[in-house]
Amino acid sequence: MEEIKKVLVVGRGAVGGLFGSLIEQKIGGDFAFLCDEKRKQKYDTIPYTINGVEKKYNYAVPASPCPVDLILITTKAGAFHEAAEMIRPFLKEDTILISGLNGIESDEQLMKTFDQPVIRAISQKMDARYHDNTLTYTQTGELVIGMERKEQRESFERLIRFFDRIGFPYVNSKDIVHDQYSKLMLNCGINQVCAAYRITYGKTVNDPQYRKLFIDVMKETRDILSKYGVYITDHEIAAWVKAIEALDPDSMPSMAQDVLAQRKTERDLFSGTIIRMAEEKGVSAPLNEQLYEQIEAIEKEFA
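Counted the way the numbering used here counts, the sequence shown spans residues 1 to 303.
In case anyone wonders, no lab produced these hints; they're calculated from the structure.
We treat Cβ as the ideally placed atom computed from N, Cα and C, and that holds for glycine.
Here are the in silico distance ranges between beta carbons for each label pair: (1) Y231 x H131: 32 to 40 Å; (2) Q262 x V177: 29 to 37 Å; (3) V53 x S226: 39 to 47 Å; (4) F302 x Y170: 30 to 38 Å; (5) E105 x R149: 13 to 21 Å; (6) E142 x E279: 29 to 37 Å; (7) F302 x C66: 37 to 45 Å; (8) S226 x A79: 30 to 38 Å.
No farther apart than 30 Å at their CA atoms in a straight line, the calculated lysine-lysine pairs in the DSBU-like style are these: (9) K300 x K183; (10) K38 x K76; (11) K5 x K112; (12) K76 x K227; (13) K42 x K5; (14) K26 x K5; (15) K203 x K219; (16) K281 x K183; (17) K26 x K183; (18) K264 x K242; (19) K183 x K212; (20) K174 x K281; (21) K212 x K125; (22) K5 x K150; (23) K26 x K92; (24) K300 x K203; (25) K76 x K6; (26) K203 x K264; (27) K183 x K264; (28) K40 x K5.
Model the full structure from these sequences, guided by the hints.
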């Protein structure tokens, strides 16, 4: 296998814009954002800034494909299937696929759809905010990656060599499936509390009422996950709280950004998933149900 040289990122929102910019800084013209022709025309004409600095990037479209070595999908869940179809012309046998989506389902969907190697991943600890072609952040965060099966070793080591070569922020997980469930637990707490009450990271962790709800939702989610053999410790919960405390207090997670922009949220990936899992085990998830209903009511207000 050749070393990774050409990279595509699908989705130029908060996570995709941040990670894509870090990769482009190191590999230049071998990087591009993948989008449809309509978005390309928009992106080519409307200025795009990152932390106040205007940036220019290459934009690839499916009509003009070339094989690439790595594809990172960072779209919203609602655009995932479109993104999966869009990448087909750019695939070769050893193209590595990574999903940066929230939730626990997109990796499985990629594995079922493509024969190419899929490396499980989690994007975390960034405070990026994207609005009106403007990306701002104070924490770059990191991509947690993990080798799920021994047959992934060659592709996984190839990915690590690439990240090491360009200085990309990543963590090598010892149990990536566990870590994905732990991140789901965090998202059920921080994303949904911020979205339901339209508040920032700082308000959530500094206001006793919201801080308690944030932690209680994580604990409820943990208890339900334990019914499936996923055991998350108090130490992990405390570490997530500390991680949120380190973010820009005036920023907010993606779901809260969606609410403010009147976009459909990913509540079905978070509380929706946990509620279904709880029902299958004959237990309740009252806090997740409460937040699901609150966010659903907010969405109904959108024009």
